[in-house]
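S.K.: The lines below spell out each chain.
There are 4 protein chains.
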Amino acid sequence: MTSFKVGILGATGAVGQKFIRILENHPWFKITALGASSRSAGKLYEEAANWIESTRMPDGVKSLTVLECTSNHFDEVDFVFSGLDSSVATEIETDFAKAGIPVISNAKNFRTDPTVPLLIPEVNPDHIEMIREQRFTADGSGWIVTNPNCVAVPLTTSLKPLYDAFGIESVVVTSMQAISGAGYPGVPSLDIMGNVIPFIGGEESKIRQEPLKLLGKLKDGAVRYADFPVQATATRVPVINGHLLSVTVSLKRKADQDEIINVMKSWGSPIHDLDLPSAPKFPLKIFDDPRYPQPRLHADSEGGMQTAIGRIRQAHVMDVSYIAMAHNTVRGAAGGAVLNAELLVKKGFLK
Amino acid sequence: MTSFKVGILGATGAVGQKFIRILENHPWFKITALGASSRSAGKLYEEAANWIESTRMPDGVKSLTVLECTSNHFDEVDFVFSGLDSSVATEIETDFAKAGIPVISNAKNFRTDPTVPLLIPEVNPDHIEMIREQRFTADGSGWIVTNPNCVAVPLTTSLKPLYDAFGIESVVVTSMQAISGAGYPGVPSLDIMGNVIPFIGGEESKIRQEPLKLLGKLKDGAVRYADFPVQATATRVPVINGHLLSVTVSLKRKADQDEIINVMKSWGSPIHDLDLPSAPKFPLKIFDDPRYPQPRLHADSEGGMQTAIGRIRQAHVMDVSYIAMAHNTVRGAAGGAVLNAELLVKKGFLK
Amino acid sequence: MTSFKVGILGATGAVGQKFIRILENHPWFKITALGASSRSAGKLYEEAANWIESTRMPDGVKSLTVLECTSNHFDEVDFVFSGLDSSVATEIETDFAKAGIPVISNAKNFRTDPTVPLLIPEVNPDHIEMIREQRFTADGSGWIVTNPNCVAVPLTTSLKPLYDAFGIESVVVTSMQAISGAGYPGVPSLDIMGNVIPFIGGEESKIRQEPLKLLGKLKDGAVRYADFPVQATATRVPVINGHLLSVTVSLKRKADQDEIINVMKSWGSPIHDLDLPSAPKFPLKIFDDPRYPQPRLHADSEGGMQTAIGRIRQAHVMDVSYIAMAHNTVRGAAGGAVLNAELLVKKGFLK
Amino acid sequence: MTSFKVGILGATGAVGQKFIRILENHPWFKITALGASSRSAGKLYEEAANWIESTRMPDGVKSLTVLECTSNHFDEVDFVFSGLDSSVATEIETDFAKAGIPVISNAKNFRTDPTVPLLIPEVNPDHIEMIREQRFTADGSGWIVTNPNCVAVPLTTSLKPLYDAFGIESVVVTSMQAISGAGYPGVPSLDIMGNVIPFIGGEESKIRQEPLKLLGKLKDGAVRYADFPVQATATRVPVINGHLLSVTVSLKRKADQDEIINVMKSWGSPIHDLDLPSAPKFPLKIFDDPRYPQPRLHADSEGGMQTAIGRIRQAHVMDVSYIAMAHNTVRGAAGGAVLNAELLVKKGFLK
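Sequences listed follow chains A, B, C and D, in order. Each residue of the first sequence is one higher than the one before, counting from 1 in full-length UniProt numbering. Each residue of the second sequence is one higher than the one before, counting from 1 in full-length UniProt numbering. Each residue of the third sequence is one higher than the one before, counting from 1 in full-length UniProt numbering. Each residue of the fourth sequence is one higher than the one before, counting from 1 in full-length UniProt numbering.
It is possible that part of the hints are untrue.
[To be verified] Only pairs whose alpha carbons sit at most 25 Å apart, straight line, appear in this in silico BS3-like list of lysine-lysine:
id	chain 1	residue 1	chain 2	residue 2
1	D	Lys252	C	Lys252
2	B	Lys217	B	Lys265
3	B	Lys62	A	Lys252
4	A	Lys285	A	Lys30
5	C	Lys62	B	Lys265
6	A	Lys285	D	Lys285
7	A	Lys265	A	Lys254
8	D	Lys252	D	Lys265
9	C	Lys285	B	Lys62
10	D	Lys252	C	Lys254
11	B	Lys285	C	Lys62
12	D	Lys265	A	Lys62
13	D	Lys62	A	Lys281
14	C	Lys98	C	Lys346
15	B	Lys281	C	Lys62
16	B	Lys62	C	Lys265
17	D	Lys285	A	Lys62
18	A	Lys351	A	Lys30
19	C	Lys98	C	Lys62
20	D	Lys254	C	Lys252
21	A	Lys254	B	Lys265
22	B	Lys254	B	Lys281
23	C	Lys281	B	Lys62
No lab work stands behind these hints: they were computed from the structure. Nothing here was measured: the structure is a model prediction, and the numbers come from that model.
Extracted from the complex, chain A is given alone in its bound form (with noise of 0.2 Å):
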């Protein structure tokens, strides 16, 4: 496999301090250049950065230059992950696209773009190709691809059998969320601590609507939405890692509760052949004792990457409940945009 040299746009912050973390011995992908604010621009980044994972900073960053996150500083690139924030990823990335440095985003700007790609590997490998409808050069070699949000993967994940199998009617989902996934400083210690936050701003509206863009159809290069309704109640609790979510389902076909097990268990993901480095060998684990998923025992099963899933049962209202758990920053985030640029890789659009 050739290797590819990549950027991190925001490479400072959260998200792009988890991006060096998980790169940092990754098979194909070496980081060549790391951008972020004009206030850090020009130090190292071991100057720059206020350095929060628990893992050493990787050697292969310290001394770089950071670089002011303008496309014409990152020429010698394959291509880069933003981790940016969403008040300036827009214009970054359009200036990145039209560059023609393919784009493998975090940030939420893009999600409900029609021509761009939200993408879950394991559900909705073939959106993809969405790609070839961006516009952003003459010759395609400039676009933009996301990952959807930290809540909205897990739930899409263990919704995709269950959508397959029987049609869904409606969901309702709590959210009880990490803390890692409001960021540096992130949620003051007085607010968390022995506490729960019953509300967490603007996140129930993609709690709603990604799931619905990810299990759409692709017709003539655009996503017909999947069409149901999602009632979500996102919450913040005292947990470092790992969003843990109580969905209940309404499904098309009724089913009873073996067979819906059975769904979820012999549930085969599109991608299993292709050996992308960062998929889990089981993107949804299947919890049968009651006491799991638990956040901080099972956030970091298969590097991140896996959804746990626990106590599938009849319900009493609608037709099934269950328990979904994914780590946050992780899976719902920059181990998410890693697996898309590998998938990417293997299906061509990146070489």
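Knowing the structure of chain A, use the given hints to seat chains B, C and D on it.
M.R.: Then chains B, C and D, alone, in the frame of chain A:
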């Protein structure tokens, strides 16, 4: 008001200690007898109890000699509060009732008995008439009254205005429950620190069933249960006190958000004018700030006896979603039982 | 007792809010003016403050209009409490004192000033005479009194009986400090959840120096500092309120454990008979149970104004080791300042 | 390297599980026998153990049948690791040693035995010669080696360079210990959440005594203990893994801060060139950033086998203060025992 001599059954346990703390300065009730297991019987209370409340052990109980929980040791009390474990409550509470000693119980054993009131004074005060159907004694002097599960209390209290105004079709609820609900030693810190446990054994069936009895209509001395399904997911979170619920309700008569909020805010407690010492001035507090209620900030409001509501909003699935929260060991346990006793005094059942 | 009109400087900050909460039902002091930065000035307090106390904002302050912190806006108050940030306290407090408005300050700026009393009423009440040395105004009407750092308070209060009875050679102390000590937003949850931070900037020099002024002797209007070295290590732990100290002391006159414990237990507060409203009945509580004191159980004792001591024992190095603990934002900040004001009233400095 | 068959005594407990996890992929040691109490004996390990490690139970042990802890059931192993409770360790470990089965024990029972090495390979590797003094068997085939208490490990490892370079007069230490040190179920969450417990029964005497044996000189097969007093205060804090110590030391030969830091940083491990599989590359990590080390960030460094040091500074009392931290159940328990076994292999005691 005449003063009552009261006994506490299960006085060394977590619920028994909470009874002792709550009653320390009660204007009507004076603790004169403490019952516990034979292991503690014969010792002074201050030696028998591993006191876990954060306020000091009241002087009035320190030098009481702990008694065995048999009715013959309690012939001088007017009634007893029971914080007994369910493994022994059936036998002991029956013994006391048959001996003519009223039992105000927090145990679950008699909650589903067709002649035993399951009581929240603000919700179903008329159910105390069921006492007249009890046959523990020929003269009606011995009887049992119970209070509900700690999740059922805020759930049912918040459903009551909706049930009366619109009728209820179905309820989906996810609880985030405090560690104090598991007693002492209860939840190991290694299990819950920085974690969520998505299962509490035996809890969900109580959440499903108790609201139906509480909202039932009394007719000819028997309760006709309310009839709607409840789907519950009970989880444990790292919070000291205060169970928080994410509730979604389908209404029989449709209503818009303003009407629903108005019904919740204008609801009046049926016991408002009884001046019960432990009754909160506002049994339901409705927050407009979407960040509230929070267990650490609001569980102690109005002496821990208030149910706090927030985030009332039109739902995309079913009809309305909201957050409810109450102190699980006060409003949801010992404090609820004390309020029951106060109502029973006012209504002449205790004298 | 005449009622006093008081102003709060820094009223929207964490310390300012604590002043407002503590003074809500104060028998002598009534808040009539609130000062904050120009960003807040002109707004109603309920709009200007992000209220973080767990009890509701007192009605009495909600509709006060926030003023800028200049003395001309406060000409109707009898004195002010200052919860100002140290970056602005020197200038503003000087302005008020020069305008003839006494300042009872929690800020650190004037603590080391040779004419400004650093005051713990139970430790050095006579130091208030230093006020007469101050020259802010010609007639002595304007002056400043300060209270110590939140670790210095329990440390010095616990050292006082030992200092008087035996003399002190040296002290080694490790503090485990609550997150509320860092204000709001203060410590990010990602830094402190399930963690210890072994460093608090600027803290250790205050712990080393302030006890020496507090235990100093007043002579001719000036304090002769006590003279012993203190080695401090200040750490942050995941506790909401209550700083806990592990203290080891070398005494000038050697004593055995019984004598030391006896001195600690029999120590009497010099202000015991003044009946100050905020004074704890027992300024030092000595626990015999080695598990105590604990911040979560005991920080609120006696309204948060008590210093709790435990584990007094002969040491294998130096002479005696013990645990001390007090509520950092009450006893160690706003509550300490209020007690200072009460003493100043009794002694005729405020009238 | 020949492969060794090893048994685990106390295999279902917290320490036993940690042994199993650590040995999962060990290049030299293969678990072939598991011993536990008679209650578990006869069951498959996956049925007998309530697995609390966050990684999955290794397949290799799941279907091993748990044995009673008597030597006759373990005749096929080359040696055993003991994670036995101290209430049974004396009897069982003696039985194994007498049967000619070497015991590498984490239990405290034999730590003070004059013929049993108390061993930290980086500190006192030569002490293994004491094995030759043991008389459990006539031919010397059965013997016992122990590893120290979980606080004694980082304390002694950090004192070692100072002891060798300057000599030590005395030590004052306050530990902030993680909850995993109390085993499972261990510390109740109601006791420790948002709290500090300033006492751990039996801990301080081990902290005081074990470093003296570890730093002692071996002469004629016996250890001459180091001779300096240690004053310890052991506290429990809400941290999962990693004991953090605040240490102040009086040196025999005075030195300035630079010399002390230089001695710490330049210290070389005596087993550095033995290439033991579990030995950390850097047994002592010295941080310059005063915020470090922190248990949540650094306890897992180098597989949990590193002792991290920070805040080395001249002290105002005694001579030098610093922070030390190590993973209590890896470096301070099972991992330390495994490293002991590796040293014993290299030195020819196990073959």
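S.K.: Now tell me, hint by hint, if it's right for this structure.
M.R.: Hints, one by one, checked against the model:
Pair hint Lys252/D plus Lys252/C holds up; C-alpha atoms about 22 Å apart against a cutoff of 25 Å. A threshold of 25 Å between alpha carbons decides the hint, and for Lys217/B with Lys265/B the separation of about 24 Å falls inside it, so the pair holds. The straight-line distance between the Cα atoms of Lys62/B and Lys252/A is roughly 63 Å, outside the 25 Å bound, and the hint therefore fails. A distance of roughly 30 Å separates the Cα atoms of Lys285/A and Lys30/A; the hinted pair therefore is violated under the 25 Å criterion.
For the hint linking Lys62/C to Lys265/B, the alpha-carbon distance of about 22 Å falls within 25 Å, and the restraint holds. The hinted pair formed by Lys285/A and Lys285/D fails the criterion: a straight-line CA distance of about 38 Å is larger than 25 Å. Straight-line distance between C-alpha atoms of Lys265/A and Lys254/A comes to about 18 Å, which keeps the hinted pair within the 25 Å bound. A hinted pair counts as satisfied when its Cα atoms are at most 25 Å apart, and Lys252/D with Lys265/D qualifies at roughly 20 Å.
Restraint check for Lys285/C and Lys62/B: the C-alpha separation of about 19 Å stays at or below 25 Å, so the hint holds. Taking the CA atoms of Lys252/D and Lys254/C, the gap is about 23 Å. The hint holds against a cut of 25 Å. Proposed proximity of Lys285/B and Lys62/C is supported: the alpha carbons are some 19 Å apart, at most 25 Å. Note on Lys265/D and Lys62/A: the hinted pairing holds, with a Cα-Cα distance of about 22 Å set against a maximum of 25 Å.
For the given pair, Lys62/D sits about 21 Å from Lys281/A by alpha-carbon distance, which is consistent with the 25 Å threshold. Distance hint between Lys98/C and Lys346/C is fulfilled; the C-alpha atoms sit about 23 Å from each other, no more than 25 Å. Distance restraint check for Lys281/B and Lys62/C: the Cα-Cα separation of roughly 21 Å lies within the 25 Å cut-off, and the hinted pair is therefore satisfied. Distance check on the hinted pair: Lys62/B and Lys265/C sit about 22 Å apart at the alpha-carbon level, within 25 Å; holds.
Distance restraint check for Lys285/D and Lys62/A: the Cα-Cα separation of roughly 19 Å lies within the 25 Å cut-off, and the hinted pair is therefore satisfied. For the proposed pair Lys351/A and Lys30/A, the alpha carbon gap of about 14 Å is at most 25 Å, so the pair holds. Restraint check for Lys98/C and Lys62/C: not satisfied, since their Cα atoms lie roughly 29 Å apart, outside the 25 Å limit. A C-alpha spacing of about 23 Å is found between Lys254/D and Lys252/C, which places the hinted pair at or below 25 Å, so the restraint holds.
In summary, the hint linking Lys254/A to Lys265/B is not supported, as the alpha carbons are separated by about 39 Å, beyond the 25 Å threshold. Restraint check for Lys254/B and Lys281/B: not satisfied, since their Cα atoms lie roughly 30 Å apart, outside the 25 Å limit. A C-alpha spacing of about 21 Å is found between Lys281/C and Lys62/B, which places the hinted pair at or below 25 Å, so the restraint holds.
Hints 3, 4, 6, 19, 21 and 22 from the list above are not met by this structure, while the remaining hints are.
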